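Number of protein chains: 4
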Amino acid sequence: MPNDIKPLREEKVFKDPVHNYVHVQDRTIWSLINTPEFQRLRRIRQLGTTYLTFHGAEHSRFSHSLGVYEITRRIISQFERNNYPDWPVEENLVAMCAALLHDLGHGPFSHSIEEAFHMDHEDWTCKIILGDTDVNRVLREASPDLPERVASVIRKDYEKKIVVNLITSPLDADRMDYLLRDAYFTGVNYGTIDIDRILRMLRPYNGRIVVKESGMHAVEDYLMARYQMYWQVYFHPVTRSSEIILRQIFRRAGELYREGYAFGFLPQPLPSLFEDDLTVKQYLKLDESLIQTTFMQWSEEPDPILSELCCRFLHRRLYKYVEVDYIDNETIEEIRSSFAEVGLHPEYDFEIDFPTDLPYDVFRPNDSNRGSQILLLGKQDKLREISEVSDIIRSISGLQRGKNHLYYPHHKLAEVISKLPSKIASIFPISPD
Amino acid sequence: MPNDIKPLREEKVFKDPVHNYVHVQDRTIWSLINTPEFQRLRRIRQLGTTYLTFHGAEHSRFSHSLGVYEITRRIISQFERNNYPDWPVEENLVAMCAALLHDLGHGPFSHSIEEAFHMDHEDWTCKIILGDTDVNRVLREASPDLPERVASVIRKDYEKKIVVNLITSPLDADRMDYLLRDAYFTGVNYGTIDIDRILRMLRPYNGRIVVKESGMHAVEDYLMARYQMYWQVYFHPVTRSSEIILRQIFRRAGELYREGYAFGFLPQPLPSLFEDDLTVKQYLKLDESLIQTTFMQWSEEPDPILSELCCRFLHRRLYKYVEVDYIDNETIEEIRSSFAEVGLHPEYDFEIDFPTDLPYDVFRPNDSNRGSQILLLGKQDKLREISEVSDIIRSISGLQRGKNHLYYPHHKLAEVISKLPSKIASIFPISPD
Amino acid sequence: MPNDIKPLREEKVFKDPVHNYVHVQDRTIWSLINTPEFQRLRRIRQLGTTYLTFHGAEHSRFSHSLGVYEITRRIISQFERNNYPDWPVEENLVAMCAALLHDLGHGPFSHSIEEAFHMDHEDWTCKIILGDTDVNRVLREASPDLPERVASVIRKDYEKKIVVNLITSPLDADRMDYLLRDAYFTGVNYGTIDIDRILRMLRPYNGRIVVKESGMHAVEDYLMARYQMYWQVYFHPVTRSSEIILRQIFRRAGELYREGYAFGFLPQPLPSLFEDDLTVKQYLKLDESLIQTTFMQWSEEPDPILSELCCRFLHRRLYKYVEVDYIDNETIEEIRSSFAEVGLHPEYDFEIDFPTDLPYDVFRPNDSNRGSQILLLGKQDKLREISEVSDIIRSISGLQRGKNHLYYPHHKLAEVISKLPSKIASIFPISPD
Amino acid sequence: MPNDIKPLREEKVFKDPVHNYVHVQDRTIWSLINTPEFQRLRRIRQLGTTYLTFHGAEHSRFSHSLGVYEITRRIISQFERNNYPDWPVEENLVAMCAALLHDLGHGPFSHSIEEAFHMDHEDWTCKIILGDTDVNRVLREASPDLPERVASVIRKDYEKKIVVNLITSPLDADRMDYLLRDAYFTGVNYGTIDIDRILRMLRPYNGRIVVKESGMHAVEDYLMARYQMYWQVYFHPVTRSSEIILRQIFRRAGELYREGYAFGFLPQPLPSLFEDDLTVKQYLKLDESLIQTTFMQWSEEPDPILSELCCRFLHRRLYKYVEVDYIDNETIEEIRSSFAEVGLHPEYDFEIDFPTDLPYDVFRPNDSNRGSQILLLGKQDKLREISEVSDIIRSISGLQRGKNHLYYPHHKLAEVISKLPSKIASIFPISPD
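Protein chains in written order, with the UniProt record's numbering: chain V, 1 to 433; chain P, 1 to 433; chain Y, 1 to 433; chain G, 1 to 433.
For the record, the hints were derived by calculation from the structure and aren't laboratory data.
Worth double-checking, as some hints may not be accurate.
Identical chains blur together in the list; that is why a pair holds if it fits in one copy or across any two.
[To be verified] The calculated lysine to any residue pairs, modelled on SDA-like cross-linking and capped at a C-alpha distance of 25 angstroms, are: (1) K403 to E385; (2) K12 to G378; (3) K382 to V322; (4) K419 to S77.
These numbers come from a predicted model, not from an experiment.
Starting from the given sequences, assemble the full structure and let the hints guide the process.
Given below as structure tokens:
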């Protein structure tokens, strides 16, 4: 047993609907889970605003982080049980800590807030691990260099590349857990994968994690499940609509803040967020409760744009959308200008979502980055990139998908539709109901 | 088709992990779901603080309310399909609305806040239905007397007793949905019941809902599932510990408020909550985001009791507990006074939970209240109360269970344990962890 | 590692719908599975004629035996992982072999054929293990005394009582597997139990397997699942009807055989079965294919009783039944004699099934036989029999259940019903459809 | 209600592990299920010899046929509920009967026996429906032309093309049921599909069944599940090995029969099978019990080839296989001749399986046969063939897969391997295991 492992007197378990039980055998892991920084993840949803589309998707990053840890623990324990020579057992604790803590820096409604305030959750994860926090103290207690090693795995520059590859790769515990968990909580059963079989097929090999060739079909199934979850859940146009509202709220509040507008409600750490000088301590106070409470208070702000947007978000009065095959920049400009003419806000009452904006990566193997590949380990230890072998995977890995979506406030637009040029009006399906 | 039913052009569905799909065919139901009052239920968890014990239990009353509606819709549609003469089809819409709205008045962390502020969620449900709200407008639009009829079903004084019995009985859609849903989200699979079979066995009969005798075993299984969920989930001592903290926060804040303490953070509607004069409009602003945000801000209040309790809640530093078979009042007094002597707060650092305080009702048939009974419909339309027929049910229906639990702050107590009289000290298992 | 364990070069797995994978790590287990004697279990259904009631119940004793082995392997491997001092690791292989082979001696439609021919499957299991068989050879190869030790565990007279208790007790792997498996294949979901939790709670203690006290609710749930499966599946009156037909066929064929009747079809080993002098080699040729083929051929035998019964079985023309609260011997005699008068066969056209005939043992703890008890291991290693602690279990452990059922051939009876005395006729619900 | 529908007094249900309940509301369907011809399907496994690879796959064609009926019933009842004008409700009974009976003519180990004896199960299905059988009588009773109409649907020449398309198409109830059922019983969870969603998306349109465009992802998922089941289950090389043994037994017995060999066991209808003049009545006596019993008896025949093959089948001593990328005819001939030289039977001790022999049709849309296409119904009733729209489906629909497999008796070959030319010997991986 590596000497930084300090077993608990008795294994602790968490009941988990996805993995049945999450097992904690190590004192450091147990202490990390009980830090305020890790507990904060209970107040951040795993899927941001997706609960407005799939009402079951109310699960938190806390649950997901436990799941990623559990999968990693199972992989490692299988590596150990089989005495695979290529796995460095002295890295067990680093790997489990990195798995547990990899999402520690996520903020509320992560993707939207990061975009609005130019933040990066990975940076914050490292700042929390390395800063004056309980997480840092717990890690240091296990071993003085542990915080830096864990942060280094998360930054992907850790010297033992196999640990980085275990934590971040197309088949990593993070992706496996969220696929299973998001499928479970949304109820969209496309995400069900045979995780036991995939885990049994993983092998540490020559500085990275590879898959036994006989596991190819299980990997195909896993990538197809990812593909389905992308189109059924992650890129659902209704979810995109709620994200647009969220971004508009942040944008509007930022404009007002810079204009010196007197908010009726603006507790710390919001001013620091707008000033872009959040300390770690302040960052840790940011959670989805604060954001929702703020929106609730702002729903009565005098600024009509801000209050309307907050009502839209809280009461789920989202923008409608229309799908268009193609739209040129000229038409977009025409829409904006004619919207302005009839008294709509072109900046807020119209948004366009291009498929190329989607963070689409069901699977994109890349020659120059072996970490983004899935390698199959065949007979005589022959390694082959999976899309060379699997037609299915080759066919999805290059796929460009998605349509342009135009978002707009249906009722507001309906009131003025008759005043719009017919070319513009005809783009938007305004009808009763 | 009853004339208050206004079908949607096309059925709408919600993807639901428990019922697969929730189907909405009626325009009034669809509009009710889209009111701000109903959307607010997304910000209130179904199981209060249980997520601190079972991390999956993050589901909202919104999901549950949709589920109760869906089960009710299925029951009614089966009654209609079979043309059972005892079911009044003209009550379909009232029943579905009551099912959907029955939890509308729940506040944040419902049971704890009701206890602390002497509120009653059923009263608030009726106030919202009858008040100046979108819910009221939608109901009135369907039929002017609909708000009053729905409220009356919820108050259980509706003239058509069978509708009340459908909505509130030991086998109602509410109980069936929460059993399935809480089991699903906690991952505790004891709650799995054969709901299809139970639904097929329900019959409207002579002013109430009864069960075909051949469904007896399915009902036994359902009551056993309830029994297991009570002891595994609802009365879990760790959940009780978090509820104690919550109540203490409300109690402390109330004391401070009455003393005129100057809170650094006390947005509306909190002052009105403390003053006990909440309007409906204010009540609708109360949600769990506000409570959690308030606790976050209060965690830095100068009052040490309040700030410590808020930290405990947010960072899940709950009180430990010890189970005792019996404890007399004298000993309780001794604990309190010796705690005070060593500098602990007897009012906050010690709580006792008696099993008789538990709202325990797996099943308690009562002769004088036929609504609390489950009746089996046998051959020749003979009705029998189920515990007459089932030994299993008879044996659990009278059962008194549970132990006394003493709750205390482990670390604080450990620091002073050596100063306590040994009789008192020996009660609390203080060990190095 | 005990020195009779001979690990395979690479673990083998069987895909199993109940346990996901069955893992074989030991060469002896692998070889046992591949013997003709063990493969024969593929041709014997786990639930006899139950498939005539629940069409999914077509699973074999082969599947079940693998499942029992797998559960036992998991229990043992957990005992080993935790280094529990009370578990004798040198017994691992004996325990796993006994688990795998415990049903080896089951004949076709086991319960009915045993009753008809006074056989005992446990005797046959031991004869096969100790006889001139491949199973015997494989066991001897691992260790010369292994056949005798395995047989001794099955006979329950093995000197290490804890091994016997692991294999045969109210919480043994056999019962756990069949509960889960029969629930899965029938589709009756009452049998779902939290097996992971139960397994985690088992402890080897002082010569037997006990349960940690905190696992009490899981055991309650398990016993309730047993209770439900008994009444929903195992004692289903339609299954009893098919068993009655089966017994009648064996009875009639025996009568004919003893009378010297010339069967058109009677391949070995059937004559030896009738003569009651089956060798092990012959016994191993008995399977359900042979029985069904024989019935198919006999369905054209000249003897009308035999051919009709065989048609009934093959074409599922079972006897109907009526449930009666009580029936006295005098009435039974009257039924028989009046049946004879109208030309029915009182021996074949009427059967009665008393609940006391049912092999009912959801749970029957017995002071004098500690092996039939479930002991809870509490604090300070205090042992308590579970029904002392659990009200639920106490209430079901004494329960006497079931009704008298009268079985009869509906169409034949309908033809003569008008000739029967009205008192007798009124017992049988003869109506169209 | 069409006038050939005769509702049962009370709906009957079958408990089904895949669809939960199978509902029978019509008297004709109920009577058909109770015919000897339909009950015979209980003695024919759905997946032939697959149970030798996946031990759970012991389910019968009886279960599957009920499942196909149930899915068809649900589709039809949804068509009726929505009053889709393109569905001819007067065809409901024909469609349900065809669904229920479509597999009626399957023989034991269907694919192998059909190949060996040049039979066709569809022909036999029609012969049974049109012949002197109870099925025919039940159908005629409902309506005199019903047998011919049902047979015509099965022959795919029924005049109402939409009924044929409902029963036989890439998205038919047959394929949906076996995918779900085979996944359930093997435990291979790749086959799980969202059948509720697919059913909700089906529309009768202009003489065929099409899919609403928004159901495209569900269809993609369904075809991927098919793809996975083909490669994980249906074409599993171990299953192919058992089919090879089976075919060899039939081949050898045929050779012997034609040579006038005196079998010790050859009950009817086996002689007629060999003579190729089976009557319907005889055909109905063919089931898997008979085949297995015959093999058991033949395992002691003097002919060494026959007895060895029967032992192999019964005791699961299958041929091993080796996968080769390519093999030319010359090499095949060399293998055969050198096998003969060392005393092996080139006709029995070596078989080769080419992927092109596989009945592979995950999906193969064909312009000239619209019945083999899946059409999507988009806005303005625009129809598009699915592989035009879905990249995924386009990529799998043309896919050619599979490898050449060489099968051989491992132990027999091992004994003579040293005598083979090294070029030939090196092809076969003979190792100590």
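Results of checking the hints against the structure:
1. K403 to E385: between (30 angstroms within a copy, 19 angstroms between copies)
2. K12 to G378: For K12 and G378, the Cα distance is within 25 angstroms only across copies (18 angstroms; inside one copy 38 angstroms).
3. K382 to V322: between (49 angstroms within a copy, 18 angstroms between copies)
4. K419 to S77: Neither. Shortest intra-copy (67 angstroms) and inter-copy (45 angstroms) distances fail the 25 angstroms Cα cut-off.
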